[in-house]
Amino acid sequence: MSSLRCVILLLLLPVWLLENQCLALDKNSIDIPSSGLSLLIVQDGGRKKPLDTYARENLIKLTGRSKWKDSEGGEWTALEVIADMFLGTNNWQKEKLIKVGHILLKKEVGLDINEKFFSYQDLHTNQELMKNLSQIIRIEEDAPQYDKTLSFEAKVLLQKIRLVEKLTASEAFSWIPAPKGESWFSLIEGIEFYKEKGKNIQQNYENLKTVYLAGGDRNFSDCVNILFENLRSLVSPNDYPQGKIRIEVFYNNLHPFRLAWIACLISFVLMLIANQQKSLGKAIYWFGLGVFGLGTILQVIGFILRTVISSRAPVTNMYEVLVFMALGASLIAFFYELFCRSKIFILSAAVVTAVVLILADNLPTVFDPSIQPLVPVLRSNWWLTVHVITITIGYAAFLQALGIGHISVFYYLFKPQEEKSIQSLTKFNCRTMQIGVFFLSAGTLLGALWAEKAWGRFWGWDPKETWALIALLIYLAVLHARYVGWIKGFGLNAASILAFQGIIMAGYGVNYILGTGKHSYGFGIGGEEIVAIFVGIEILLVLFAVIRYRMKRLKND
Amino acid sequence: MYSRLIAHLGSMRLAVVLIGILSVILIWATIYESTHSTQEAVSLFYGSVWFSCLLLLLGINVVCAALVRYPWSKRHRGFLLTHAGILLILIGAIIGLLLGKEGYITLKEGAGSVDAITTQREVIQISRTDRAEFLKVPLEINKLKSASVPIPIELNPIIPKDILKVSAVTRYENTEEQTLVVESERKSFSPALQISLSASRGNSANSEIEEWLVLSDPEKQVLQFGPLFIQIIGAETQKELDQILNPPSLEKIGFGNIFFDIEGEKIEIPVKESLNKEIRSTNGNIAVTLKEYFPDFRMDDNDSPVSISETPNNPAVHYYISWEKGEEKCFVYGFVFADYPELSMMKVHGADEEQIKVNYKFNRSMLDINAWDDSNIICLVAGPENQLHYIARRAGEDKKIGTLQLNEKIPLNWKMNPAITIKKYVFSAEVLSQVVPIPLDEEKGFSRPALELNLNGENLSTNLMIQWNRPFEIQVKGVPVLFLYTDEKIPLDFEIQLLKFTMPTFEGTTMPASYESLVRVTDKKSGEAVERKIWMNHPMTYGGYRISQSGYSDSIGGKTSTLQLLSDPGSFLKWWGSILIMIGILFMYFWRPFSLRNSSRRNEKNSE
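As they're listed, the protein sequences go chains V and F.
Counted the way this note's numbering counts, the first sequence spans residues 1 to 557.
Counted the way this note's numbering counts, the second sequence spans residues 1 to 608.
Everything labelled a hint here was simulated from the structure, so no lab data went into it.
Note that CB positions come from ideal geometry on N, CA and C, so glycine has one too.
Warning: the hint list may mix true and false statements.
[Unchecked claim] For lysine-lysine, the following DSS-like pairs were computed, each having C-alpha atoms within a straight-line distance of at most 25 Å: (1) V:427 to F:74; (2) F:74 to V:180; (3) V:453 to F:489.
[Unchecked claim] Ranges of calculated distance between the beta carbons of each label pair, as one might list FRET restraints: (4) F:25 to V:513: 14 to 24 Å; (5) F:25 to V:539: 20 to 30 Å; (6) F:100 to V:513: 31 to 41 Å; (7) F:153 to V:158: 49 to 59 Å; (8) V:244 to F:140: 37 to 47 Å; (9) F:365 to V:134: 56 to 66 Å; (10) F:406 to V:513: 26 to 36 Å; (11) F:151 to V:158: 51 to 61 Å; (12) V:121 to F:365: 45 to 55 Å; (13) F:493 to V:244: 11 to 21 Å; (14) V:137 to F:461: 37 to 47 Å; (15) F:25 to V:280: 47 to 57 Å.
Start from the sequences and build out the full structure, keeping to the hints where you can.
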């Protein structure tokens with residue numbers, strides 16, 4: 001019964017992850033008073049956001065982590081950290097908050113390379129270091145051949161130092177509303193602008209601070225409510241949109257995509273069990289399908305919430321594209337499964353969705369989950385939505401094909417006797433790739449038509465569009481080669497795995513590795529190792545499979 | 001025979017091979033682009049002839065694949081539609097390339113309207129200024145780059161061949177006008193010195209710089225290297241030289257001279273000798289009085305002029321001029337500054353201000369001016385009979401004076417200063433300029449290309465460098481010919497004026513959220529005008545052109561907005577091609593979902 005043990009272990013994995021990731025985060029929010037402040041509206045990065053979001057974004061920026069363990073072992077949520085800076089006396093300038101990961105940078109500026117975190121005081125009072133930093137940044141400006149990552153990292157570090165300075169100063173951020181899309185005020189500016197009313201706010205703030213420092217009690221939420229009341233009275237309700245902010249805080253706390261990948265993993269395990277078990281198989285299958293459906297619905301909810309929060313289709317950066325790709329793959333699998341029950345679609349989709357969502361969920365510095373305003377060139381809701389969503393559905397289909405490809409290759413190698421399954425898998429893989437080709441070519445053509453409108457040319461061999469074309473050509477070559485008869489069932493499945501590496505390059509590589517061209521608004525850095533390992537494993541896997549398959553065929557002949 | 005060729009050209013095997021080759025080349029090209037530059041990638045891959053051939057071959061494959069399957073049946077419709085769509089896009093692209101017009105207009109807010117677009121194609125414009133005739137010859141840059149022999153430029157009909165033949169030799173990506181100083185034939189005193197500076201701590205090999213100091217050119221009188229200033233001073237006679245080397249007290253120098261030009265009548269007045277005296281012009285008509293001299297001019301707290309010291313740090317003179325024009329009495333009050341001519345001011349009654357020029361010359365070396373006390377100064381004195389002297393002073397120290405030989409280091413051991421030697425002394429300098437190619441400086445974001453032309457005529461065979469957008473005129477056999485190397489301009493039937501440019505930002509930031517140009521477009525024939533806002537993703541269509549927002553700049557001179565104008569007759573083909581491809585794929589893959597199942601079964605069977 002080794003398989004049963006295996007299954008139980010697999011079942012325990014998501015439970016463990018669930019406990020680790022989800023519960024720990026929200027555990028403290030009941031007894032720490034600062035949670036009431038999560039709804040405080042802050043104007044930052046070109047939009048209004050709850051303090052909750054502001055805190056999460058900035059803690060990740062500083063530490064690369066979503067919660068903080070202080071030197072005495074106490075655990076803080078992002079909101080608690082930032083609220084404590086805002087209200088408290090706790091000396092965060094001495095806390096080793098600032099993450100410096102780049103070893104070369106640490107060497108260059110004279111920091112201990114064995115340390116990962118440094119305090120504001122360590123860095124800011126070290127004049128030698130500050131001088132070195134600004135020198136590294138200046139040198140880059142003079143010589144283009146100079147190490148660009150180094151100076152980039154230096155700039156990031158300088159920004160982090162400034163950020164701690166800003167957060168710990170009394171003039172932390174802009175939370176006093178201003179009328180009609182104007183720049184919001186910090187407390188001092190607010191008092192100057194609103195005079196009497198501003199002084200009231202200051203009084204509220206001082207009261208809040210006193211209560212907070214006294215340890216917080218019921219009075220704290222009363223104080224917060226009075227503060228909100230007074231802030232709201234300063235401007236028209238449209239300029240202080242508490243409803244939308246509530247939605248965003250709800251979204252932040254829900255973690256729909258995290259719950260979704262947990263659901264995917266659970267349904268994956270359930271589907272495996274359903275495959276083994278004869279007696280209870282059907283019930284477990286339906287339960288697994290239900291869990292998968294729940295995961296998909298959670299993703300849809302997350303997607304809708306993001307749309308509401310940002311007032312646009314959430315498909316403008318790598319994180320959003322990944323999340324939407326996972327949703328697409330889930331939906332395609334779910335509908336396949338509804339029309340012909342074979343478990344296999346859920347199995348493959350559950351794995352690929354979970355992998356993609358885990359990547360998106362756990363690498364906030366690579367795939368930035370924050371919601372940001374759109375650059376001017378993208379500001380066309382119709383084109384943006386149609387172009388990116390179509391392309392991403394194409395990616396999603398290829399992702400699903402990747403999953404099916406893995407399973408069929410597995411069948412070819414280890415269960416070649418199940419011809420019927422193999423045949424239907426191959427058929428669906430082909431069909432899924434066709435869907436992908438349809439959507440990717442539609443998306444690429446829509447992109448070209450949009451480019452004709454926005455940039456004045458239909459096609460300009462920009463790296464991003466060239467790679468979309470390359471990915472499309474690879475799949476076209478696969479499909480055509482199959483018609484010619486150069487590849488058969490096994491080849492098609494193996495090719496669906498290899499061809500997906502082209503999608504990874506088109507989606508991730510162009511923005512993160514090549515880093516040239518007109519799609520610069522999506523550029524980022526980081527994650528190269530993970531992606532390289534993934535691509536390497538996939539290629540080795542296919543190589544191994546091809547060799548084994550050939551040897552088997554030779555033996556049979 | 002033909003049908004077999006077509007069968008081969010239209011085979012799916014060829015398609016797979018071509019698609020494979022194209023993919024590999026494109027992957028290579030994008031990697032090349034990221035390691036080199038977009039320009040290089042375009043010239044090596046996307047813009048090259050063989051790349052076009054590959055695409056053409058793919059097009060032929062698509063056509064032949066359709067022909068091979070003739071006569072077509074219903075099950076071919078998806079395939080045919082898709083391939084027709086691909087063809088339409090290719091044809092649309094070729095039409096766009098051949099017949100399309102693309103150019104840019106840069107408009108200044110509140111300025112006049114523009115009625116021509118500037119394309120990115122370069123032309124050489126040749127005109128005969130005596131007859132107002134001109135020719136525009138488009139230049140094929142790529143052809144010119146690879147050409148081994150000069151490409152002739154047709155000058156007919158404006159200049160006959162026996163007068164002048166012109167051919168394009170090559171094009172330089174970036175050039176610069178360099179100063180060339182030669183001995184003039186006039187032999188009058190106008191000295192220039194070529195100096196060389198080399199870093200005293202020679203940590204890099206090419207740290208030697210050569211520069212010219214020219215007395216007659218105000219821009220080349222002083223060179224600055226960080227806190228160090230080098231100034232040229234001329235002394236035509238021994239007496240002048242002695243005066244410079246052993247300067248008399250400032251009282252003896254005087255207060256400089258003022259040059260008046262009043263409605264053509266010229267008067268020169270030495271300030272010191274003429275203060276508070278009425279000086280008459282040679283015809284006696286004009287009377288000038290220098291009312292007051294301010295050696296170190298300032299405005300005090302009550303806004304009245306004062307002198308804060310007796311040293312001539314900022315000499316200014318308050319003057320009064322009066323004369324009679326018939327019955328009318330004209331007079332002028334004014335202030336004139338020696339160091340800041342642009343600040344001079346005057347009040348004129350009864351005459352045209354343009355007709356009155358006042359110029360205050362007060363030659364002092366920088367050493368005499370307190371404002372330079374914190375700078376290190378080296379004055380190089382070019383004296384008579386090739387004598388060279390220097391007067392140097394470091395901030396806060398005393399002057400050092402000495403004589404110099406050519407190629408001898410100025411004996412100063414100032415820390416951090418470059419070693420300075422005088423390479424050449426030109427007694428009667430004539431400043432010429434020469435266009436030389438220099439490497440492209442990508443950081444600068446600006447380059448000035450130049451075209452090298454070969455001119456051939458009777459008694460004439462020379463190569464000329466014509467810089468971009470700088471007209472160049474020569475006389476050939478009494479015929480004035482003007483060359484202009486510039487971007488091609490295409491006239492429009494309408495004119496565009498920028499009424500307002502706005503750049504809204506995201507709330508609370510300086511990040512631009514949009515770039516918006518409010519323009520007025522006027523039809524030239526009917527005079528009808530339309531006002532519209534153009535912004536990203538919201539172009540305007542007018543007169544066959546699509547006008548879209550492309551760039552902007554917001555400098556002290558005012559806001560400018562760059563619009564792109566595009567007329568592409570192939571555009572609709574691209575749209576229809578795209579639609580056909582999509583419908584075709586739908587038909588092919590999804591219209592009859594069961595046919596595929598059958599075919600895949602068949603394939604599986606075949607494979608066994």
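Each hint, compared with the structure:
1. V:427 to F:74: Judged against 25 Å, a Cα distance of about 24 Å means the pair holds.
2. F:74 to V:180: Violated. Residue 74 of chain F to residue 180 of chain V sits at ~61 Å, over the 25 Å cutoff.
3. V:453 to F:489: Satisfied, since the Cα-Cα distance of roughly 23 Å is no more than 25 Å.
4. F:25 to V:513: 14 to 24 Å: holds (19 Å)
5. F:25 to V:539: 20 to 30 Å: holds (21 Å)
6. F:100 to V:513: 31 to 41 Å: For residue 100 of chain F and residue 513 of chain V the Cβ distance comes to about 34 Å; the hint holds.
7. F:153 to V:158: 49 to 59 Å: With Cβ atoms ~55 Å apart, the hint holds.
8. V:244 to F:140: 37 to 47 Å: Since the Cβ atoms of residue 244 of chain V and residue 140 of chain F sit about 58 Å apart, the hinted range of 37 to 47 Å is violated.
9. F:365 to V:134: 56 to 66 Å: For residue 365 of chain F and residue 134 of chain V the Cβ distance comes to about 39 Å; the hint is violated.
10. F:406 to V:513: 26 to 36 Å: Cβ of residue 406 of chain F to Cβ of residue 513 of chain V: about 58 Å, so the range 26 to 36 Å is violated.
11. F:151 to V:158: 51 to 61 Å: holds (53 Å)
12. V:121 to F:365: 45 to 55 Å: Since residue 121 of chain V and residue 365 of chain F have Cβ atoms about 53 Å apart, the given range 45 to 55 Å holds.
13. F:493 to V:244: 11 to 21 Å: With Cβ atoms ~49 Å apart, the hint is violated.
14. V:137 to F:461: 37 to 47 Å: Once the Cβ atoms are compared, 54 Å apart, the range 37 to 47 Å for residue 461 of chain F and residue 137 of chain V is violated.
15. F:25 to V:280: 47 to 57 Å: Holds, since residue 25 of chain F and residue 280 of chain V (Cβ atoms, about 56 Å apart) stay within the stated range.
The structure is inconsistent with the numbered hints 2, 8, 9, 10, 13, 14, although it conforms to all the rest.
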